[in-house]
Amino acid sequence: GESVGLHLPTLSVQEGDNSIINCAYSNSASDYFIWYKQESGKGPQFIIDIRSNMDKRQGQRVTVLLNKTVKHLSLQIAATQPGDSAVYFCAEIRYGQNFVFGPGTRLSVLP
Amino acid sequence: NAGVMQNPRHLVRRRGQEARLRCSPMKGHSHVYWYRQLPEEGLKFMVYLQKENIIDESGMPKERFSAEFPKEGPSILRIQQVVRGDSAAYFCASSPLPDTDPKGYTFGSGTRLTVV
Numbered sequence: 001g002e003s004v005g006l007h008l009p010t011l012s013v014q015e016g017d018n019s020i021i022n023c024a025y026s027n028s029a030s031d032y033f034i035w036y037k038q039e040s041g042k043g044p045q046f047i048i049d050i051r052s053n054m055d056k057r058q059g060q061r062v063t064v065l066l067n068k069t070v071k072h073l074s075l076q077i078a079a080t081q082p083g084d085s086a087v088y089f090c091a092e093i094r095y096g097q098n099f100v101f102g103p104g105t106r107l108s109v110l111p
Numbered sequence: 112n113a114g115v116m117q118n119p120r121h122l123v124r125r126r127g128q129e130a131r132l133r134c135s136p137m138k139g140h141s142h143v144y145w146y147r148q149l150p151e152e153g154l155k156f157m158v159y160l161q162k163e164n165i166i167d168e169s170g171m172p173k174e175r176f177s178a179e180f181p182k183e184g185p186s187i188l189r190i191q192q193v194v195r196g197d198s199a200a201y202f203c204a205s206s207p208l209p210d211t212d213p214k215g216y217t218f219g220s221g222t223r224l225t226v227v
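Chains as they are written, first to last, in our numbering: chain W, 1 to 111; chain E, 112 to 227.
It is possible that some hints are incorrect.
Unchecked claim - Residues of chain W placed beyond 10 Å of chain E at every Cβ, according to the derived structure:
#	residue
1	56
2	60
3	63
4	98
Claimed, not checked - Label-pair distances were calculated between CB atoms; the ranges are:
#	chain 1	residue 1	chain 2	residue 2	range
5	W	29	E	174	26 to 34 Å
6	E	126	W	68	40 to 48 Å
7	W	51	E	207	13 to 21 Å
Hints listed in this document are in silico derivations from the structure and should not be mistaken for laboratory results.
Glycine included, each C-beta is placed from N, C-alpha and C at the ideal position.
Between the sequences and the hints, there should be enough to build the whole structure, so can you do that?
Right under this line is the structure:
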């Protein structure tokens with residue numbers, strides 16, 4: 001069936017380096033994609049979104065890239081900080097339907 | 112403006128007992144969604160409700176699980192005769208409209224259910 005998945009379940013990066021978290025999706029009809037950050041003991045927190053008719057969107061220290069040809073989504077975090085340590089989920093949305101979440105990638109920032 | 116409020120934050124139940132999880136949506140939000148998260152996994156959709164109506168329960172187990180969102184009061188996710196496999200974090204999200212800008216879709220902090 002339709003699914004959203006991640007290539008890497010864990011990612012360790014040095015503080016100050018850039019992080020790239022990847023996500024593969026299979027539903028080409030999705031309208032919207034969102035990246036969420038989940039810290040321990042908390043609910044998912046919105047980071048950045050991108051519509052299906054875009055291929056790149058930038059926020060503060062974060063960039064999301066969408067490659068519809070290969071159905072791939074990535075989250076880039078610039079100058080990774082200790083506070084970025086968390087689990088990151090991509091979510092796939094079709095309007096009028098519910099969010100489909102990927103399994104998550106744990107990001108660990110090393111001092 | 113308080114966010115999505117879930118209580119209790121932690122709930123321990125013995126096998127066979129009932130668990131009741133509450134979710135108060137953000138002010139102005141009339142749509143509520145429940146998700147379950149098993150340890151080290153992503154969130155899985157369970158049910159979508161509007162006031163007094165279940166819109167989509169395609170993710171709910173067929174037995175022991177039920178949900179409601181009454182005209183007054185919080186949304187309730189009820190699990191009867193809990194088993195160890197029900198141990199998970201249960202998250203509630205709310206939105207003002209179903210097809211709203213997804214940024215308006217706000218999650219609560221979850222209820223962590225432990226069945227012993």
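How the hints compare with the structure:
no. : hint                     : result
1   : 56                       : holds, 18 Å
2   : 60                       : holds, 15 Å
3   : 63                       : holds, 17 Å
4   : 98                       : violated, 5 Å
5   : W/29 x E/174: 26 to 34 Å : holds, 32 Å
6   : E/126 x W/68: 40 to 48 Å : holds, 47 Å
7   : W/51 x E/207: 13 to 21 Å : holds, 19 Å
The earlier numbered hint that this structure contradicts is number 4, and it is the only one.
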